[in-house]
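Going by the working numbering, the first residue of the sequence shown is number 2, and it counts up by one from there.
None of these hints come from the bench; they were simulated from the model.
There may be inaccurate statements among the hints.
[To be verified] Computed beta-carbon distance windows for the label pairs:
1) TRP66 x LEU20: 32 to 42 Å
2) TRP96 x LEU17: 18 to 28 Å
3) ARG110 x LEU70: 36 to 46 Å
4) SER109 x LEU75: 37 to 47 Å
5) GLN77 x TRP48: 17 to 27 Å
Here a beta-carbon is modelled for each residue, glycine too, at the ideal position from N, C-alpha and C.
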Amino acid sequence: MEHLSTIKVLHLLAALLTLGIALGLAVWAWRAPAAAPAPVLRRPQWWAGLGMGLCLLSLPVSGWWLVHLIGWPLGQTWLLASSVLYGLALIAIVWLALRLRRVQARRSRLTLALAVFGGACLLGIAALMGIKPL
């Protein structure tokens, strides 16, 4: 039972860290001056991308481990829906990260739409995990 509690805490911390890094990047990108040099803008993105990448890679592993330890079948609707949302959020986040590497794409509507969509998907996953409709 100790493993279950430890994995739950690590899974929750990875999810919160992912949302926190995403929110921090959004605030940073919005407040960054438009005339800032590219190396200055890329430095925080590199560290944030590394942290977010590690968290995003650990979430499916720890999630599967939790489901396995608890004994839930993987065919439950809320698990399948959260997996689909995770895939969509991952695509949006990677696309957003690639767009943010180009300095001139920082304040476009597509960049904002990708950020909102990725955040909504991650919040939807958090809601599904919190509600756990069986």
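Structure-based check of each hint:
no. : hint                       : in the structure
1   : TRP66 x LEU20: 32 to 42 Å  : violated, 21 Å
2   : TRP96 x LEU17: 18 to 28 Å  : holds, 23 Å
3   : ARG110 x LEU70: 36 to 46 Å : holds, 43 Å
4   : SER109 x LEU75: 37 to 47 Å : holds, 38 Å
5   : GLN77 x TRP48: 17 to 27 Å  : violated, 36 Å
In summary, the numbered hints that this structure violates are 1 and 5.
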